[in-house]
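Colleague: Work the whole structure out from these sequences, hints included.
Protein chains in written order, with our numbering: chain A, 1 to 307; chain B, 1001 to 1313.
Hints listed in this document are in silico derivations from the structure and should not be mistaken for laboratory results.
Fair warning: there could be bad hints in the mix.
Straight-line alpha carbon distances no greater than 20 Å define the calculated EDC-like cross-link-like pairs of lysine to aspartate or glutamate that follow [unchecked claim]:
#1 Lys28/A with Asp75/A
#2 Lys125/A with Glu215/A
#3 Lys197/A with Asp1154/B
#4 Lys58/A with Glu45/A
#5 Lys221/A with Asp300/A
#6 Lys7/A with Asp1154/B
#7 Lys82/A with Glu62/A
#8 Lys3/A with Asp1154/B
#9 Lys1049/B with Asp1218/B
Sample of chain A residues at the chain B side, in silico, Cβ under 8 Å [stated by the list, open to error]:
#10 Gly26
#11 Ala29
#12 Thr251
#13 Ser254
Quick look at which bits of chain A chain B covers, simulated, 3 or more residues with Cβ under 8 Å [to be verified]:
#14 152-164
#15 272-282
Keep in mind the model is a prediction, meaning the values are calculated, not measured.
Glycine included, C-beta positions come from ideal geometry on N, C-alpha and C.
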Amino acid sequence: MIKYIIKRLLIGCLTLFILATITFFGVKAMPGDPFTQDNKVLSPETYAALEAKYGLDKPVGEQYIIYLTNVLHGDFGESISKKGTQVSDIIIQRAPVTAKLGIVAFGLSVSIGLLFGIVSALSKKRWVNNLITAFATLGVSIPGFLFAMICMIIFAVKLGWLPVVGLDTPRHYILPSIAIALSSISMITRLTRSSLKDVMNKDYITLARSKGTKEVWVIVKHGLKNALLPVITYCGPMFAGLITGSMVIETLFSIPGIGKEFTNSITNRDYTLVMGLTIFFGAIVIVMNLVSDIVAALVDPRIKLGK
Amino acid sequence: MSEKEMMLNEEIELSDDMFELLDDSEKNSEFIAIESKTFFRDAWDRFKKNKLALFGLIFLVIMITAAILVPMFSPYTFEGQDMANRNALPSMDHLFGTDKLGRDILVRIMYGARISLAIGFASAFINLIIGIVYGGVAGYVGGKVDMIMMRIIDVIYAVPSLLYVVLILMVFGNSITSMMLAICLTSWIQMARQVRTQVMSLKEMEFSLAARVIGASDWRILMKHLIVNALGPIIVCLTMMVPSAIFTESFLSFVGIGLDPSIPSWGKLANDCRTVIFTYPIQILWPVGAICLTILSLNFVGDGIGEALEIKR
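Modeller: Written as structure tokens, this is what we have:
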């Protein structure tokens, strides 16, 4: 187990290193530069001074080594578009906003997804099944940001029930978190339904029933416990989806989170910020994948890690 | 000569009364009453029974035809502005109305359809080629080569593909070609995995041994025997790639980091409506409807093909 975790962490570090390398050279190869943003013509002296300030006058290879050393020391450099702000400060400042939204969305996905999945796997009523299937199909097909816009029109503009921008009160969380969670809710619904349906036909369920176990316990202890596995392994990739979702939802709802910062940094061609955020996102997703694999192994002893 | 052989050699007298004439209808008992069907014909028949899949296919055909024809025959162009006629509601002149600069929305949507569908299908097709070659080689050669190729995939897969897409777009500019390139370079992994699994199980089958016995080259065995037999799952994987490519493109263009703003892709059209979302909410319906219905149809068709080819996923 520990050996497996160490191996995965090493692969994770390698992945991050490769990602950092690709990002670094990709950003270097980008056309345009961060200093000539506002159509101002910079004098050659100012330009050279600016380049020297950010270390851009050195050869690319040297810049790369300097950057990697700094990153290893937790220093992502200074943002170019926001003068004097450290990239790590931006991450520390913005990440909690996205994290809060992400946690709400995560909770929504798991709870609603499981609920719908269980109901449709166990319900004998046809219309319940059809309704949930329709929801799951639509949820996977409708991009979250379009769904968010439709919701904005209906609930915020026409009905005026919910606020449109910002993230100040609990009511502000409703629309953005549902919009981010929509596709993962549907995925979890699908996964839970198909795996629970499989499990409920197994012999040990019949055995549990014939022993006179209460139906609730049959479902929870024998059924769900065995059916949860695909859902847990899905949670890792789901984090990647939540981060991607946050980029567009934060832009749409003007939420000052890290996803919005990322899209802004791209339009501003803020090299250091793009690199820092890419590495940050990559690290989170890698860790989450690892966590979900480990949790899956802890829940289900049938899984042998590392084989 | 034994008694048994004598019996065999004995002449048997056959007379007419030992036989009985059959009814005429019995003559046809071996007749194949229905036309024999090929595998794909069979699959098509099953596909046709799936109403949702059929609906999806019809919608897509209509969409593609309209995307080709409407911009050709419409009196409006996608960038022709008509300042006197801004934010018009749907009418006979402008079936979908006009946007904030007086541009005809129908033409813009159909122009967007060309872009989005082209990106979807083209990148899925390039994916197919990369996936087949990479997955095929990994699965067929096996051993160390396979292990290294799979580790590479693991490393790429560990990072959200959107980060790569964004990077590629930043480096190569915001043109349609670089969008296709970006989507291809990040989404071939699923296809490669699928092909590898199929090839690994198929190469153990007798027909691939037979092909090797008669001296077929490795490449020929892989392409003519293994890949052809794995076509079902490959097609299903392919149909699922088109909607995800369309989704990625519209997502990025919507946020403003995708295609160049002058290209009216669906994501860009949806983004345009954001400024008028409170005043003219009807305008948002068209791009949203176009994206959702197209992705939905593609998913239905994909599911339908999967069911028709009897592939479990």
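Colleague: Check, residue by residue, whether the segment 272-282 of chain A contains three or more positions whose beta-carbon lies closer than 8 Å to a beta-carbon of chain B, and give the verdict.
Modeller: holds (count 4)
Colleague: Does the interface hint hold: is Thr251/A within less than 8 Å of chain B, judged Cβ to Cβ?
Modeller: holds, 5 Å
Colleague: Take a quick look at whether Lys82/A and Glu62/A sit within 20 Å of each other, Cα to Cα.
Modeller: Violated - the C-alpha atoms of Glu62/A and Lys82/A are around 24 Å apart, more than 20 Å.
Colleague: Need the status of pair Lys1049/B, Asp1218/B: alpha-carbon distance at most 20 Å?
Modeller: Violated. Lys1049/B to Asp1218/B sits at ~40 Å, over the 20 Å cutoff.
Colleague: Given the hinted pair Lys7/A and Asp1154/B, is their alpha-carbon gap at most 20 Å?
Modeller: holds, 13 Å
Colleague: Holds or violated: Ala29/A as interface residue toward chain B, Cβ cutoff 8 Å?
Modeller: Constraint on Ala29/A satisfied, holds at 5 Å.
Colleague: CA of Lys3/A to CA of Asp1154/B, is that 20 Å or under?
Modeller: The hint holds at about 19 Å.
Colleague: Quick one: see if chain B covers the segment 152-164 of chain A, three-plus residues with Cβ-Cβ under 8 Å.
Modeller: holds (count 4)
Colleague: For the pair we were handed, Lys221/A and Asp300/A, check the Cα-Cα distance against 20 Å.
Modeller: Between Lys221/A and Asp300/A the Cα gap is close to 13 Å, so the pair holds against 20 Å.
Colleague: Going straight from one Cα to the other, do Lys58/A and Glu45/A come out at no more than 20 Å?
Modeller: Holds, because 16 Å separates the two Cα atoms, which is no more than 20 Å.
Colleague: Can Ser254/A be said to touch chain B, with a Cβ gap under 8 Å?
Modeller: It is violated, given that the least Cβ distance between Ser254/A and chain B is near 11 Å, above 8 Å.
Colleague: Need the status of pair Lys28/A, Asp75/A: alpha-carbon distance at most 20 Å?
Modeller: holds, 19 Å
Hint compliance for this structure: hints 3, 7, 9 and 13 are broken, all remaining hints hold.
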